[in-house]
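Since the structure of chain S is already known, use the hints to place chain B on it.
Below, each chain spelled out in residue letters.
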Amino acid sequence: MSASLYTQRRVTNIVAMVLSVAATGVGLFFLAWILWETLSQGASALKPQLFTKITAYREEGGLANAMVGSLILNILGIAIATPIGVAAGTWLAEYSRRSHLGPTIRFLNDILLSAPSIVLGLFVYTIVVLPSKYLSNGNVTFSGLAGGVALALIALPVIVRTTDEMLRLVPGTLREAALSLGVPQWKLTTQILIRAARSGIVTGVLLALARISGETAPLLFTAFGNNFMTFNPLDKMPSLPQIIYEYTKDPSPDINTLAWAGAFVLTMFVLALSLIARFTFRSKVSHD
Amino acid sequence: MHATASNAVTTLERPAEAGRTTKDARNDRIFGWVLKACALLVLLSLIGAAGSTLWLGQDAFRTFGWGFLTSAAWDPSNDQYGALVPIMGTVGTAFIALLVAVPISFGIALFLTEIAPQWLRGPVASAIELLAGIPSIIYGMWGLFIFAPFVATHIKPWLMHAFGTDVLEPGQPATGLARFFTSDYAFFGAGVLTAGLVLAVMIIPFISSVMREVFQTVPTRLKESAYALGSSTWEVVWDIVVPYTRTAVIGGVFLGLGRALGETMAVAFVLGNTFKFSLSFLETGSSIASTIANQFGEAEGLQRSSLMAIAFLLFVVTFIVLLIARLMLRRLATKEGN
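Here the protein sequences line up with chains S and B, keeping their order. With the working numbering, letter number 28 in the first sequence gets 28, and the count goes up by one each step, no holes. With the working numbering, letter number 314 in the second sequence gets 314, and the count goes up by one each step, no holes.
The following block holds chain S by itself, in its conformation from the complex (with noise of 0.2 Å):
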């Protein structure tokens, strides 16, 4: 009897271990599958006119501005971003000690980070593309601006949460020597926290850059995307991820290898990113 038990419960255990190892795998094998495709398609379509010709809709064209694009709006997301993010991060870390809305913020900045990314591109539709038709005699203009704003509203909480997390890091024998010597609050933040926590909120903002530079949905009702090669941020704006959406609802598979060669920089683009955000300064964070 009491050896059955013995039995049973081994069984189990092996049946579990076992089961754990394939859970195990099956990620690794789906992380592999992406991966391969992507990168086999992708570099199989990859040409020299890709990054010096503009999109066409054809198979001669190539993906220029959509490049171009996407690194003025992600320029343009980061540097509204980082300051806001930087500044209500230090707010949330020094000064919130004792009110009830520091812990508040902190909670909803959370929420923010997984808020559906389509519903802020609608927001940033209202509240940047809409009004845009009292500047320009009625006519509603989407604008690499939008997109920027639209990029910014999604880093914003990843700026936010690392610039706090890295500032309560900073230990507070650092603040009592400085104000002991009379230093005013404001120069303690900015000229000693600040760079004390200086390569944690970098890894925050590249993390951010990451993030922002996959985003697709809250593009298409801000920066829309054009075919044309633009530099000025009240225009039009193509971008990497949306040209990708574009091109893989094409019904030509000509498009369609386009589509997985823009893929192919996308995510080669994004993952080395995030590989030197998380090695480059592994010591100095704690998680994303």
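In short, the hints are calculated from the structure, not lab data. Glycine included, every Cβ here is placed at the ideal spot set by N, Cα and C. Incorrect hints may appear among the rest.
[Stated by the list, open to error] Output of the computed footprint for chain B on chain S, the stretches with three or more beta carbons under 8 Å from beta carbons of chain B:
| # | region |
| --- | --- |
| 1 | 7-19 |
| 2 | 22-35 |
| 3 | 116-124 |
| 4 | 178-186 |
| 5 | 207-220 |
| 6 | 233-247 |
| 7 | 251-265 |
[What the hints assert, rightly or not] No more than 25 Å apart at the CA atoms, straight line, and that leaves these computed lysine-lysine pairs for DSS-like:
| # | chain 1 | residue 1 | chain 2 | residue 2 |
| --- | --- | --- | --- | --- |
| 8 | S | LYS249 | S | LYS53 |
| 9 | S | LYS47 | S | LYS249 |
| 10 | B | LYS36 | B | LYS23 |
| 11 | S | LYS187 | B | LYS36 |
| 12 | S | LYS249 | B | LYS276 |
| 13 | S | LYS249 | S | LYS236 |
| 14 | S | LYS236 | S | LYS53 |
| 15 | S | LYS187 | B | LYS23 |
| 16 | S | LYS236 | S | LYS133 |
Below, chain B without anything else, positioned relative to chain S:
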């Protein structure tokens, strides 16, 4: 400041220093306000996202009333809109995603915390987290070009055969469980099941990394006591680790659910974007996010308002799901603190 400057007592606080103290105090206040204003922007963007979609969606809510939630009509040519089909698509895909992702994530977390040798844990954890870094549009492409054909040739015919729906004529009603496995176009890879599976792959890294983190918070003492009493690894996990971390594990699952509900690009290609009401997981459908992505560009009037209205519904539902997730995860943080 003027007459007292010559007084010997005030040499301790010279006018210049008094001025600096006042200036510093003022700068400190301004600095604090600026930082606080930036922090309030986080709050404002959440309120703004809910408010703007509700504001622009009010026409749809007024026109259709509560029927908006229960009507299966989404018919731009007759200007009739109901949210039932997109809601069912969203819930159905998220349900399948959780059904598949939760056990797999649990297995991965178990492997990484109890089974794998120490040298293997870091690399495998990083590889799984790499899945979270892949842009969602890539999942969408892979889903459309690679995975949907795979479902159409391998998974779907097998399921339809198992439930006996492969012999039904198109439109012929099925009974019992088979109702969930009918398909009018058997050769078609897109559908709720395919989209749900793609979503499952997407949310596995989120759920498994939360589970792994909370499993690591279980005191070694507790586990070692159980091992000392002769427990097997599985018994330690099931009877010690899981009860100890239950709340946070559910929090992690809700976090994954929040992601799955709001995901757009991964499902936009593989859901089919049809608006016919169906209970079947093998039938095409549409989700709230995919409907917005596909239609908002050309939408006018009541259709645009209806899209804003379903965006509002999506935002409110994901907000509640994520709220529950964070509350459950926060309880673990306080427990850790003790």
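Broken hints, by number: As far as the earlier hints go, not one is violated by this structure.
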